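Q: Sequence:
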Amino acid sequence: MTRHCIAVAAGGTGGHFFPAEALACELVRRGHDIILMTDRRAGTRRTGVFAGRQQFVLPGAGIAGRGVVRATRAALALARGTMQARGILARLRPAAIIGFGGYPSVPPLLAGSLLPKGRRPLLFLHEGNAVLGKANAFLAGRMDGIATSFPVVAGVPARVPATETGMPVRRDIAALGGEGYVPANGVINLLVWGGSLGARVFSDVVPPALAALPPALRARVQVTQQARAEDVERVGTAYREAGIPAIVAPFLSDVPERLHAAHLVIGRAGGSSVAELTVAGRPSLLVPLPIAARDEQGANAQALVDAGAAWMIRQPRFTAATLTERLVSLLADRDLLARTAQAAARLGRPDAAARLADMIESRLPDLPHAA
40 MTRHCIAVAA
50 GGTGGHFFPA
60 EALACELVRR
70 GHDIILMTDR
80 RAGTRRTGVF
90 AGRQQFVLPG
100 AGIAGRGVVR
110 ATRAALALAR
120 GTMQARGILA
130 RLRPAAIIGF
140 GGYPSVPPLL
150 AGSLLPKGRR
160 PLLFLHEGNA
170 VLGKANAFLA
180 GRMDGIATSF
190 PVVAGVPARV
200 PATETGMPVR
210 RDIAALGGEG
220 YVPANGVINL
230 LVWGGSLGAR
240 VFSDVVPPAL
250 AALPPALRAR
260 VQVTQQARAE
270 DVERVGTAYR
280 EAGIPAIVAP
290 FLSDVPERLH
300 AAHLVIGRAG
310 GSSVAELTVA
320 GRPSLLVPLP
330 IAARDEQGAN
340 AQALVDAGAA
350 WMIRQPRFTA
360 ATLTERLVSL
370 LADRDLLART
380 AQAAARLGRP
390 DAAARLADMI
400 ESRLPDLPHA
410 A
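Using my numbering, read the sequence shown as starting at 40 and increasing by one per residue.
Hints are computed from structural coordinates only; laboratory data are not their basis.
Accuracy of the hints is not assured; some may be wrong.
Said to hold, decoys possible - For each label pair, taking beta carbons as the anchor points, the in silico distance ranges come out as:
id	residue 1	residue 2	range
1	Leu131	Ala223	30 to 40 Å
2	Thr358	Gln93	42 to 52 Å
3	Gly282	Arg69	18 to 28 Å
4	Thr86	Arg267	20 to 30 Å
5	Ala371	Arg92	48 to 58 Å
6	Thr86	Thr358	11 to 21 Å
Only a predicted model underlies this, so the values are computations on that prediction, with no experimental measurement involved.
Cβ coordinates follow ideal geometry from the N, Cα and C atoms, glycine included.
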């Protein structure tokens, strides 16, 4: 395969950035040069695969959900970012650009589409959700191909080639693929994660729900929970008062180990979270983020529910009483949890980074300068 320069457009939260890093590692392993085009939230990367490589932090901001003034400012920032990206791409001439959704993907991919035909790179999107996000929907018609995490993704234009690659996950998460699920024999390990945007509802609901479990069941439970920094003390206190062993932290540095040990996961249904759950083959109780612009998380959760790989509770119904009732039935049924874990594992794509790299490489020889 010819060595190429490939631009990776990703920024914002880990949900967009983790898959970009996973793909970049695979592309570097295959001998390609990579450059990163990102936003201020992600910033310059000083560790990991992008460290020491060309990186460009572009202006931009999301428009969805903003008032008129802020939306106008965001649009102007995206326009500035697009102009900067166009100059960078014209100078570096990457063979392809792959964007991972959200507004950080807009300036590089839009700029690439505006270059003259003979200098235009191949343009690809990766969609991590079961419905095309707003930024990706804006860009989709200009793309040479779209990679998806789900077999069916609402909103993908029929005229644009789509390939189900799965969602690239971190290497240590991918290593969990195929390890299997061991039902709880004594202690039941619960993992509660929610990300910075959604952890508070879990801090409010999960501790009292677990405290209300029947004593014999509560005595078997131990918890690892992600919580906002300002909630860590009260959540930890609630568990101590209920006699439930718990690790509560704003950031979990050992996610692969915690995920491997988990018998049930409670959390949001973002694309990266769902990918990690299915790669690891873990049953989950999903509470989609209710403010998502296109209910992407609801679509993700429903796809797992339809496959028998998870359960879903919408946030308005996610109360301590509802959760206690659901946990009593789930935690008492080892076979049900095991079957759900197996269904989740059937959806997992631990080789997603390689599949996505294959999709990109399959188009690269068509470039006139790919000698």
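Q: Does each hint fit the structure? Answer for all of them.
A: Do the hints match the structure? See the list:
1. Leu131 to Ala223: 30 to 40 Å: violated (53 Å)
2. Thr358 to Gln93: 42 to 52 Å: Between Thr358 and Gln93, where Cβ atoms are some 50 Å apart, the hint holds.
3. Gly282 to Arg69: 18 to 28 Å: violated (52 Å)
4. Thr86 to Arg267: 20 to 30 Å: holds (24 Å)
5. Ala371 to Arg92: 48 to 58 Å: holds (51 Å)
6. Thr86 to Thr358: 11 to 21 Å: violated (41 Å)
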